[in-house]
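Visitor: Kindly generate the complete structure, drawing on both the sequences and the hints.
Residue numbers (my numbering), protein chains in the order written: chain A, 75 to 215; chain B, 2 to 210; chain C, 12 to 469.
For the record, the hints were derived by calculation from the structure and aren't laboratory data. Computed from a predicted model, the values in this text were never measured in an experiment. Honestly, I wouldn't trust all of these hints.
Said to hold, decoys possible - What the simulated footprint calls covered on chain A by chain C, stretch by stretch (three residues with Cβ under 8 Å from a Cβ of chain C suffice, anywhere in the stretch; the number is not a length):
1. 96 to 105
2. 110 to 117
3. 141 to 154
Think of the CB as a built atom: it goes at the ideal place given N, C-alpha and C, for glycine as much as any other residue.
Letter by letter, the chains look like this.
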Amino acid sequence: MSATFTKSMARNVFYGGGVFFFLLFIALTFDTMQALPKRDNSQNITPAVAHGKKLWEVNNCIGCHTLLGEGAYFAPELGNVYKRRGPDFIKAWIKGQPTNVPGRRQMPQFNLSDADIDDVIAFLKYASEINTNKWPPNIEG
Amino acid sequence: MDAQSVKIGSADIAVTARADFQKNHQKDLPGDFALWIFIFAEMLVFGVLFVAYAFTRANNVALFNESQLTLSRTSGAINTLVLITSSYFVVRGVDAIKRGLSSQCAHWLTGALLLGGVFISIKIVEFHAKFAAGITMSSNAFYMFYLSLTFFHLMHVLMGMVILASIIVKARRGGYSAQNHTGVETGASFWHMVDFLWIILFPLIYIIR
Amino acid sequence: MKYKSQAVAKLYFIAAIGLFLGQILFGLIMGLQYVVGDFLFPAIPFNVARMVHTNLLIVWLLFGFMGASYYLIPEESETELFSPKLAVITFWVFLAAGALTILGYLLVPYASLAKWTGNDLLNTMGREFLEQPLPTKVGIVAVALSWLFNITMTMLKGRKTAISLVLSLGMLGLAGFFLFSFYDPVNLVKDKYYWWWVVHLWVEGVWELILGAMLAFVLIKVTGVDREVVEKWLYVIITMTLVTGIIGTGHHYYWIGAPAYWQWWGSIFSALEPIPFFMMTVFAFNMVNKRRREHPNKAAVLWALGTSVMAFLGAGLWGFLHTLAPINYYAHGTQLTAAHGHLAFFGAYALVVLTMISYAMPILRGRAANPERAQIMEMWSFWLMTVSMFFITLFLTGAGIVQIWLQRISSTPMSFMAVQDQLSIFYWAREGAGVVFLIGLLLYISSFFVKGESHAFE
Numbered sequence: 075m076s077a078t079f080t081k082s083m084a085r086n087v088f089y090g091g092g093v094f095f096f097l098l099f100i101a102l103t104f105d106t107m108q109a110l111p112k113r114d115n116s117q118n119i120t121p122a123v124a125h126g127k128k129l130w131e132v133n134n135c136i137g138c139h140t141l142l143g144e145g146a147y148f149a150p151e152l153g154n155v156y157k158r159r160g161p162d163f164i165k166a167w168i169k170g171q172p173t174n175v176p177g178r179r180q181m182p183q184f185n186l187s188d189a190d191i192d193d194v195i196a197f198l199k200y201a202s203e204i205n206t207n208k209w210p211p212n213i214e215g
Numbered sequence: 002m003d004a005q006s007v008k009i010g011s012a013d014i015a016v017t018a019r020a021d022f023q024k025n026h027q028k029d030l031p032g033d034f035a036l037w038i039f040i041f042a043e044m045l046v047f048g049v050l051f052v053a054y055a056f057t058r059a060n061n062v063a064l065f066n067e068s069q070l071t072l073s074r075t076s077g078a079i080n081t082l083v084l085i086t087s088s089y090f091v092v093r094g095v096d097a098i099k100r101g102l103s104s105q106c107a108h109w110l111t112g113a114l115l116l117g118g119v120f121i122s123i124k125i126v127e128f129h130a131k132f133a134a135g136i137t138m139s140s141n142a143f144y145m146f147y148l149s150l151t152f153f154h155l156m157h158v159l160m161g162m163v164i165l166a167s168i169i170v171k172a173r174r175g176g177y178s179a180q181n182h183t184g185v186e187t188g189a190s191f192w193h194m195v196d197f198l199w200i201i202l203f204p205l206i207y208i209i210r
Numbered sequence: 012m013k014y015k016s017q018a019v020a021k022l023y024f025i026a027a028i029g030l031f032l033g034q035i036l037f038g039l040i041m042g043l044q045y046v047v048g049d050f051l052f053p054a055i056p057f058n059v060a061r062m063v064h065t066n067l068l069i070v071w072l073l074f075g076f077m078g079a080s081y082y083l084i085p086e087e088s089e090t091e092l093f094s095p096k097l098a099v100i101t102f103w104v105f106l107a108a109g110a111l112t113i114l115g116y117l118l119v120p121y122a123s124l125a126k127w128t129g130n131d132l133l134n135t136m137g138r139e140f141l142e143q144p145l146p147t148k149v150g151i152v153a154v155a156l157s158w159l160f161n162i163t164m165t166m167l168k169g170r171k172t173a174i175s176l177v178l179s180l181g182m183l184g185l186a187g188f189f190l191f192s193f194y195d196p197v198n199l200v201k202d203k204y205y206w207w208w209v210v211h212l213w214v215e216g217v218w219e220l221i222l223g224a225m226l227a228f229v230l231i232k233v234t235g236v237d238r239e240v241v242e243k244w245l246y247v248i249i250t251m252t253l254v255t256g257i258i259g260t261g262h263h264y265y266w267i268g269a270p271a272y273w274q275w276w277g278s279i280f281s282a283l284e285p286i287p288f289f290m291m292t293v294f295a296f297n298m299v300n301k302r303r304r305e306h307p308n309k310a311a312v313l314w315a316l317g318t319s320v321m322a323f324l325g326a327g328l329w330g331f332l333h334t335l336a337p338i339n340y341y342a343h344g345t346q347l348t349a350a351h352g353h354l355a356f357f358g359a360y361a362l363v364v365l366t367m368i369s370y371a372m373p374i375l376r377g378r379a380a381n382p383e384r385a386q387i388m389e390m391w392s393f394w395l396m397t398v399s400m401f402f403i404t405l406f407l408t409g410a411g412i413v414q415i416w417l418q419r420i421s422s423t424p425m426s427f428m429a430v431q432d433q434l435s436i437f438y439w440a441r442e443g444a445g446v447v448f449l450i451g452l453l454l455y456i457s458s459f460f461v462k463g464e465s466h467a468f469e
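Guide: Written out as structure tokens, the structure is:
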């Protein structure tokens, strides 16, 4: 056969391959969305959880912590902190910041009301009950 | 476990790709060599999936055997015959164009294209029955592999049909000749790969227990 | 330069380098906060420094991509840019928006910034890398569309090459996938699922098209190898990128609540993700070996080869290291991820922008290549930055492995903060390597001011 790997051929393979795998990705995404309700704990999303998530976001918690392993690796994983520490500890901890221990990593004081902190805790409780395929490996996150 | 093989495989592909650009032609493989790079890559992916299936099955033999009984062997067997016949049609199509017979080539390939359509129709009926029974990729490990592999393969059949269709259109316009028919051979190679993968996939998932 | 309108690229390149310097300074602040926890607290808490560090990175790379395309597209299309004026306006809009955003991060508590910028209307803020206030996000879309419009109109009136086609497809994807940053559902799993459509499909998808196009352009210019050959390679490489990278997104779906089958799909396809990077390395060295001329800009050749190697190491190898689900189970969200992130972003994207700047900037300043002495400084800066970044990666990898062991594998797992105390030696070493990186960057910047006899055009 002749050497005919033309550029237009290469281009067609590129378009074909790109479209093919994007469609496959869409199909898998569709299946994932169907499967999520059994896994994502969305039945427990309450207004408190929604407000807690918003507080989580507008205080940029992800800028230091990780949540289900994603975030900044500078401070502890919080996806399972509800199970690790419990609500009372979390509340006291958030209120007690910063520790001002010289040389230690410092968490800012966000001046949240008691109700706000309860909502943050509700969000962390919701997050801790998502089916994450048994991640993290142990309670330390 | 197959990490190592994947890694080595990837290097091989890149090296072959380089060899291709240096030599720029290949005697022993029909069709375009660039497509063979992708065919090798595809075989690699399917190969890894098949090995993964075998390993997972080894750990869940009872579950796999039990779930396997729910599959329709008849539709699988019919589809095997359909694809083998279509491959034969494609062979005849390539043979025709080698003798310069464009419209005969187009006819054979159209036959293959229609058989591709039959394959997909049967598959859709089969999938529909499974979905109606509430079976999804998350049901269990067997169904995960069954649906992943057959759906991934189904998309390849669709892709092959798009390629065949574009070749048919070009052949009808007289775009190929006895001297210049790399495009037909390339498309044929892809179609045979799709057929070949099914011939492995069918016994592996539907029959072997 | 061949076309007057290419001159707008200069603005973009200067801004890119300036912001790059800012990124590194904040990186050093964070690096120090890893070991001296209360450094600059409460003036610049870690989360603020990190936001500035990562956002500056994204913005300077975008400036680099835009500058590169305003330089490259007229030359590829063999016509003047559709509207240089629009390109200049876009530049100032983007720079102003970027500067205001960074100042907002630094001067205002994040929660107040969110309140003032309409986060209550449509909440999009507070997610990693997508911290920008709503107006900034809208601005990014507007800037990307203006960029895309200008480039497309230029291409339409001129020659259409594979390089410009791939570049514009990459830009289209960049603009398109960014739209997912406006989707922030309460359902955390969906939030994370589509968050990756911006982050992963950018850096392991469409950005690689831009990377490939830029590298191909520079290689054609400095080696004189036939365009047909280069463009065929380009297509094959980016095909493999999309084939592996799109489903490879699955390697982020193992532990965030998505179905378990992603462990298979993600592991298999992302294990193949090094292929396109390896091909890129082979390609770059092949082209340089087969060069038909000796381009006087030797520094640009070094940057181009460096890009191909470091992209393979950072994105390919370090990515592969922890991409398989059984390994990722232990490695997910540790310093190993940070190690990969640093080398991948530097090796693939920072270096390709610097390659483009190294090639184009002398021409924009009216000469084929910089004076020898400037080039030597530039090459020194390449080695300083590349080697120090490699060491940053090695130290973080060491930290990551120890962290995984103490916190996740050991039969008596230690708490996160207790483990961090154990890692301080790695963090100190990383900070040291970071200082060397800064020296390399300063050397790089000073190479622009070296006077001497420069290479005229042939």
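Visitor: Could you work out which of the previously given hints the structure breaks and list their numbers from low to high?
Guide: none
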